[in-house]
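Okay, here's what each chain looks like letter by letter:
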Amino acid sequence: MSSATYKARHGMGRRVVAQALVAHDGFSARYDLNRLQGVFSRPAHKLVGQSYVDRVLVLDTAKGGVATAWMLHEMRSRHMAPAAIVFNTVNTILAQGAALGDVSMLAGFDGDITALIPHGAMVEIDPEARTIRVLEGAETPPADGPARVHGPR
Amino acid sequence: MKLNEEERAMLAGEMGFVARTAIEHQVKVGDFFGATDFVPVTQAHIMADTESLGQAGVMWLERLADARDGQVRIPTITDPRGTDFEKAAMLGQADWMLELERRAIDAFTRLGVSMTDTCINYQTVQAATRGEHVAFGDTGVVVYSNSVGGARSNFEGGPSALSAGLTGRTPRYGYHLDAQRQATLRLRVDWTPQAWNDWGALGGIVGRLAGNYWQVPVIEGLDRPPTSDELKHFGAAMASFGSTALFHLVGVTPEAARLADVGGDRLPVAQRIGQADVRALHRSYAVDSHIDVVVFSAPQLSLYELRTLAAMCDGRRFKKPLLAVTSPQVKPDCDRFGYTQRIEAAGGTVLSGMCFYQSYAREMSEAKGWKRLATNSAKLVNILGGYGYVPMLASMEACVQAAQTGELA
Chain Y
1 MSSATYKARH
11 GMGRRVVAQA
21 LVAHDGFSAR
31 YDLNRLQGVF
41 SRPAHKLVGQ
51 SYVDRVLVLD
61 TAKGGVATAW
71 MLHEMRSRHM
81 APAAIVFNTV
91 NTILAQGAAL
101 GDVSMLAGFD
111 GDITALIPHG
121 AMVEIDPEAR
131 TIRVLEGAET
141 PPADGPARVH
151 GPR
Chain G
154 MKLNEEERAM
164 LAGEMGFVAR
174 TAIEHQVKVG
184 DFFGATDFVP
194 VTQAHIMADT
204 ESLGQAGVMW
214 LERLADARDG
224 QVRIPTITDP
234 RGTDFEKAAM
244 LGQADWMLEL
254 ERRAIDAFTR
264 LGVSMTDTCI
274 NYQTVQAATR
284 GEHVAFGDTG
294 VVVYSNSVGG
304 ARSNFEGGPS
314 ALSAGLTGRT
324 PRYGYHLDAQ
334 RQATLRLRVD
344 WTPQAWNDWG
354 ALGGIVGRLA
364 GNYWQVPVIE
374 GLDRPPTSDE
384 LKHFGAAMAS
394 FGSTALFHLV
404 GVTPEAARLA
414 DVGGDRLPVA
424 QRIGQADVRA
434 LHRSYAVDSH
444 IDVVVFSAPQ
454 LSLYELRTLA
464 AMCDGRRFKK
474 PLLAVTSPQV
484 KPDCDRFGYT
494 QRIEAAGGTV
504 LSGMCFYQSY
514 AREMSEAKGW
524 KRLATNSAKL
534 VNILGGYGYV
544 PMLASMEACV
554 QAAQTGELA
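Residue numbers (our numbering), protein chains in the order written: chain Y, 1 to 153; chain G, 154 to 562.
To be clear, the hints were calculated from the coordinates, so they are not data collected in a lab. Here the structure is a predicted model, which means the values were calculated and not measured. Check each hint, because a few of them may be wrong.
[Unchecked claim] Sample of chain G residues facing chain Y (criterion: CB under 8 Å; computed from the structure): (1) M200; (2) G290; (3) G468.
Where is the CB? At the ideal position from N, CA and C, for every residue including glycine.
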C-alpha cells in the first residue's frame, strides 16, 4: 500500500478517484482513439486496444490537432470519456477541451509522472490541490468499473 | 485573471448569455495556464467539423445561437467542414452527417461567423501579420501564422476560438508572450527538400524532436527560402507530429533574421537532419504496394498545387479514386483555369470546403472500402492510422501514378 502524492503546476476540474492507465506516450482524441468503442486505436500507441472510459489517463504529452477541444465534450455526453487526464506536458487544446468537457486535468510535474504512477493503480486526482495520490500501488491491469467523481457533473 | 470593467460585466451576465458563456470558458482556461489578463484579438478561426462536435457540440452551439443576445465582435471564420455537400454521396457519407453539418452551419451563421471552411486562410482570406494577436484554430494555421507571419496565437480549439470571436479577446498566455517565442531547440538541416511530401516529412521529424507544445525549434541550414506551399506542408506536419505552434527558420522567418534574435546562439545544435532521415520517415509508412485511394488534403491544396496536379493528370485514366481537396476560395479559380476539368477527366475528383480527415474518415473507410491510402501529406499519414487506415507517404507524382496503376512504386 502506497500513499505517494505528486504535485502538479496546473489543475482543473473536480476530485476524482479511478484506476490509472499509464504510458509514456502522447494523446490526441482525434489521432489515438476509437471514440465509438472507447479504446485506444492508433496501432503505434502504447495503450492500443485498452479502454480509456472512466480511467485516469497518465500520459507524457498532449499531441496533435485542435479537435480534442470538442471531442472530450462529445465523449462526456455519451459517458465515454476518461475520468481525468494527467500529463507531464499539456497543450492548450487539451486544457480547453477539459474546460468544456468537464474532464479533470493535472499537468506539469517535477518528475516524469508516467514513471511515478504504476499502471493500474487506483489514484485520487485533486485539481484544487493540484495533486495526484496513489491509493494502491499494485500493477494490476485496469478492470471494468466506473470512476468515482466528487461533485455534480 | 485581472479583468477590466467590460470583462467583469460579461462575466456577470450583464452583456448576455452568449458573452457570459464565452468569457466563463476563457477564464477557466486562462486560470489553468496562469494568464494575468486578456489580450484583444483581431481575427478568430474556428475548427468545428461535426465529427468532432458530435450531437453534443452542435447542441452547445445551438444553445448559444438560440439565445439571440450575442454575435461575434471580430472577423471570425471557419476551418473545413465535414463534407462537400455536392459530393457527399460519392464519399459514402450518410444523411445524418449532412444534417448535423447543416445544423452547425445554421448556428454559426446566426452567431455571425463567416463560413469560409478553409485551413489555408493565410493563403486565401487574410494572413495575420507580425505582432498581430489572433485566436486561430487548426494547428497548421496557427504554426504558419505564428512562424511565417510572426502573428501571435495559441492553438485555440473550436470552443475557445468561438469564445474569442464572441468576446474579441483571449487569455494572454503562451505564444502571446515574448518570452514563449524564444527558441528552445536548435536544429541543423543538411539537405533542403524539393517535393511537398519531403517538406512535410522534414516538418514531421522536427515536430517529433520538439516533442511538445511549448518547444520552439530554430532551424538552420536551408539553402533557399521555401515557398508558401512548402512551408504549409512543413509547418502542418510539424504541428501534427509534435504539437508545435511556432518555429523559426534563420534568415527566413520574421523573428529570426539572425540566430541570436531568438536566442538560438545560446543553444547547442541538438540534432542534424539529412535526406536519409526524411527517406526513413517515408519508409516507415511504406507497408503495402497496393492502394485503395489517393488523397491530396491536409492542408487544403493551393491553386499552385492544383495546377501541378492537373498537369500530372493529363493523359491518364485512373483505376483508383483520387481525391483533391481545396478551399471554397480556391475552387472557383481551379474551375476557371480548367484544372478541375483536367483532374476529373482522368477520373479524379476535386472537393471543396472539407478536409479528408475531418469528414468522418472512419465511416468513409467503411462505406467505400478505403483502407490503403496514398498521399503526399505527412500530416495526413500521421492522423489516419487511428482511423483504421494504412496511410502511405509519397510524392504527388508517385501518388498520381498509383491512382493509375493501383500500386505505389
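A quick look at each hint next to the structure:
With 8 Å as the threshold, the beta carbon of M200/G comes within range of chain Y, its nearest partner Cβ sitting at about 5 Å, so the hint holds. About 5 Å separates the beta-carbon of G290/G from the nearest beta-carbon of chain Y, less than 8 Å, and the hint is met. For G468/G, the shortest C-beta to C-beta distance to chain Y is roughly 37 Å, which exceeds 8 Å, and the interface hint is violated.
Hint 3 alone, counting from the list given before, is not met by this structure.
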